[in-house]
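Which chain is which? The protein sequence lines are A and B, in order. Positions in the first sequence are counted from 1; adding 70 to them yields our numbering. Positions in the second sequence are counted from 1; adding 70 to them yields our numbering.
A hint or two may mislead.
Where chains are identical, the list cannot tell them apart; a pair therefore holds if satisfied intra-copy or between any two copies.
[Claimed, not checked] As a list, the in silico BS3-like pairs of lysine-lysine whose alpha-carbon atoms are at most 30 angstroms apart: (1) K195 <-> K168; (2) K181 <-> K203; (3) K76 <-> K203; (4) K84 <-> K133; (5) K76 <-> K207; (6) K168 <-> K203; (7) K76 <-> K102; (8) K207 <-> K102; (9) K207 <-> K195; (10) K84 <-> K102; (11) K76 <-> K107; (12) K207 <-> K131; (13) K102 <-> K195; (14) K228 <-> K76; (15) K84 <-> K231; (16) K181 <-> K76; (17) K228 <-> K84; (18) K195 <-> K107.
None of these hints come from the bench; they were simulated from the model.
If you want the building blocks of each chain, they are given just below.
Protein chains: 2
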Amino acid sequence: MPGSGKGIVAGVAKSLGFQIIRMGDVIRDEAKKRNAKIGETAVQLREEHGEFVVAERCIQKIKDLSKDSSNHSDLFIIEGIRSPFEVEMFRENFPDFKVLSVNSSPETRFKRLQNRKRADDSIDKSEFENRDKRELKFGIGEVIATADYMVPNEGSIKRFKNIIRSILTNEM
Amino acid sequence: MPGSGKGIVAGVAKSLGFQIIRMGDVIRDEAKKRNAKIGETAVQLREEHGEFVVAERCIQKIKDLSKDSSNHSDLFIIEGIRSPFEVEMFRENFPDFKVLSVNSSPETRFKRLQNRKRADDSIDKSEFENRDKRELKFGIGEVIATADYMVPNEGSIKRFKNIIRSILTNEM
Numbered sequence: 071m072p073g074s075g076k077g078i079v080a081g082v083a084k085s086l087g088f089q090i091i092r093m094g095d096v097i098r099d100e101a102k103k104r105n106a107k108i109g110e111t112a113v114q115l116r117e118e119h120g121e122f123v124v125a126e127r128c129i130q131k132i133k134d135l136s137k138d139s140s141n142h143s144d145l146f147i148i149e150g151i152r153s154p155f156e157v158e159m160f161r162e163n164f165p166d167f168k169v170l171s172v173n174s175s176p177e178t179r180f181k182r183l184q185n186r187k188r189a190d191d192s193i194d195k196s197e198f199e200n201r202d203k204r205e206l207k208f209g210i211g212e213v214i215a216t217a218d219y220m221v222p223n224e225g226s227i228k229r230f231k232n233i234i235r236s237i238l239t240n241e242m
Numbered sequence: 071m072p073g074s075g076k077g078i079v080a081g082v083a084k085s086l087g088f089q090i091i092r093m094g095d096v097i098r099d100e101a102k103k104r105n106a107k108i109g110e111t112a113v114q115l116r117e118e119h120g121e122f123v124v125a126e127r128c129i130q131k132i133k134d135l136s137k138d139s140s141n142h143s144d145l146f147i148i149e150g151i152r153s154p155f156e157v158e159m160f161r162e163n164f165p166d167f168k169v170l171s172v173n174s175s176p177e178t179r180f181k182r183l184q185n186r187k188r189a190d191d192s193i194d195k196s197e198f199e200n201r202d203k204r205e206l207k208f209g210i211g212e213v214i215a216t217a218d219y220m221v222p223n224e225g226s227i228k229r230f231k232n233i234i235r236s237i238l239t240n241e242m
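In isolation and in its complexed conformation, chain A is listed as follows (with noise of 0.2 angstroms):
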């Protein structure tokens, strides 16, 4: 969910040697080429292609990444999966594939995301709450349920980012 802190967890994987894949990097880049507001582009994007297609371009990235012998690390982060079929297909495609879900409570994202800058994230209250509508619409919630690992994110960023490494370092 958004604020919750995906992002430190793509900081701590890169300094694992992992390859950090933006699924909202394939959204940012069409959102730039269309010039239109993310969180709309991330649902016609949808409309257009299907369900699919942030996940298929993902996936392709990672088997081209895969193939290159200049690149040497097979370990990847995919930040900001959505929906359970995106889920599936990552699951098809890689057979080692876990979910880690980030969590912290609607009240800590909402402090967080009005303390942020970045463009796409909301401001007021009825922005934050049709942003997260927006997610939970994709199934969102349905991946949190079943993740395979779940790590709150509410006090200390350090105690947080221990656990992350410690997951990630289990997986490596």
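Following the hints, put chain B in place on chain A, whose structure we already have.
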């Protein structure tokens, strides 16, 4: 989700003086009356009386208990909330209402349920997956994704109980 450890939360809450309202009891009592399976009864009851039947009966129960002068505790734990509609109803009726979600991975939950003997718990993998799907259909993923507290329950029971205790004490 089934097998994640909500019963342990109820146990801790009880020891702190909370009264336990089990949504499942409404369904369990009804299943006994109908001589039907609990999972089926849960679906049927909602089909007959609407999405809100179980929550309605629990809200009435809490209001009756609050009026009862022989009853000294006004702290309640509602165990087994599944849908976002139910969350909304409890929130409307009780302004201090908070959602606490207890989370374990599917692998952990499956192992636990295999070791359990209660009649409504699943035994084989496909039963387990069907039960998960039934819960997810109620919208439990959305409830989990937007919970006020999310507590993972994977490792030490003692640590888990301590976290629950500190959350509940904070809300007393």
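Do the hints match the structure? See the list:
no. : hint          : result
1   : K195 <-> K168 : between (33 angstroms within a copy, 18 angstroms between copies)
2   : K181 <-> K203 : within (17 angstroms within a copy, 33 angstroms between copies)
3   : K76 <-> K203  : both (18 angstroms within a copy, 26 angstroms between copies)
4   : K84 <-> K133  : within (19 angstroms within a copy, 52 angstroms between copies)
5   : K76 <-> K207  : both (19 angstroms within a copy, 26 angstroms between copies)
6   : K168 <-> K203 : both (25 angstroms within a copy, 19 angstroms between copies)
7   : K76 <-> K102  : within (22 angstroms within a copy, 45 angstroms between copies)
8   : K207 <-> K102 : within (23 angstroms within a copy, 36 angstroms between copies)
9   : K207 <-> K195 : both (18 angstroms within a copy, 28 angstroms between copies)
10  : K84 <-> K102  : within (25 angstroms within a copy, 54 angstroms between copies)
11  : K76 <-> K107  : within (21 angstroms within a copy, 41 angstroms between copies)
12  : K207 <-> K131 : within (26 angstroms within a copy, 33 angstroms between copies)
13  : K102 <-> K195 : within (26 angstroms within a copy, 45 angstroms between copies)
14  : K228 <-> K76  : both (15 angstroms within a copy, 28 angstroms between copies)
15  : K84 <-> K231  : within (12 angstroms within a copy, 34 angstroms between copies)
16  : K181 <-> K76  : both (16 angstroms within a copy, 28 angstroms between copies)
17  : K228 <-> K84  : within (16 angstroms within a copy, 33 angstroms between copies)
18  : K195 <-> K107 : within (19 angstroms within a copy, 43 angstroms between copies)
The structure is consistent with each of the numbered hints, conforming to all of them.
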